[in-house]
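Student: Sequence:
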Amino acid sequence: MNKTNFIGAVASKAGISKVEAKKAVEAFIKTVEGAIKEGEKVSILGFGAFSVVEKAARKGVNPKTKQPIDISARKVVKFKPGAGLAKIVK
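With the working numbering applied, the sequence shown covers 1 to 90.
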């Protein structure tokens, strides 16, 4: 499902127009992005949690050349599904 399909599904389930659903979805995305940028954790009960995790520097291997490379430390966004979401995937 892409973003356009998702917006259509939200509009259908909420009984609102696609324009209103698009505004709501984009507001959700911007809110999560803003919180993550500030280093905050975003938890939605029953759905999951978005957080920032720091990855340490490490050694790796270039798969093309098989040469060792240094991978620098970085921050990544992590999503941990909540119990409700994890249950429906089983």
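Some clues are possibly wrong.
Unchecked claim - The list that follows gives simulated cross-link-like pairs (lysine to any residue, SDA-like), each with its CA atoms no further than 20 Å apart:
| hint | residue 1 | residue 2 |
| --- | --- | --- |
| 1 | Lys30 | Ala57 |
| 2 | Lys80 | Lys22 |
| 3 | Lys80 | Thr31 |
| 4 | Lys78 | Ile44 |
| 5 | Lys78 | Ala57 |
Claimed, not checked - Simulated restraints on C-beta separations:
| hint | residue 1 | residue 2 | range |
| --- | --- | --- | --- |
| 6 | Leu45 | Lys66 | 25 to 35 Å |
| 7 | Glu40 | Val89 | 21 to 31 Å |
| 8 | Ala14 | Gly84 | 16 to 26 Å |
| 9 | Asp70 | Ile29 | 45 to 55 Å |
Just so you know, these hints were derived from the structure itself, not from any lab.
We put the beta carbon where it would ideally sit given N, CA and C, even for glycine.
Student: It remains to establish, for every hint, whether it holds in the given structure.
Tutor: Results of checking the hints against the structure:
1. A threshold of 20 Å between alpha carbons decides the hint, and for Lys30 with Ala57 the separation of about 29 Å lies outside it, so the pair is violated.
2. Taking the CA atoms of Lys80 and Lys22, the gap is about 25 Å. The hint is violated against a cut of 20 Å.
3. Taking the CA atoms of Lys80 and Thr31, the gap is near 18 Å; set against the 20 Å cutoff, the hint holds.
4. Simply put, Lys78 and Ile44 have alpha-carbon atoms about 14 Å apart, close enough for the 20 Å limit, and the pair holds.
5. Under the criterion of a C-alpha separation no larger than 20 Å, the hint pairing Lys78 with Ala57 is consistent with the structure, at around 17 Å.
6. Remark: the range hint 25 to 35 Å for Leu45 to Lys66 is contradicted by a beta-carbon distance near 46 Å.
7. Between Glu40 and Val89 the C-beta distance comes to about 26 Å, which sits within the given range of 21 to 31 Å.
8. Taking 16 to 26 Å as the suggested C-beta distance range, the pair Ala14 and Gly84 conforms, at roughly 19 Å.
9. The hinted window of 45 to 55 Å between Asp70 and Ile29 is violated, with their beta carbons roughly 33 Å apart.
When held up to the earlier numbered hints, the structure conflicts with 1, 2, 6 and 9 and fits the remainder.
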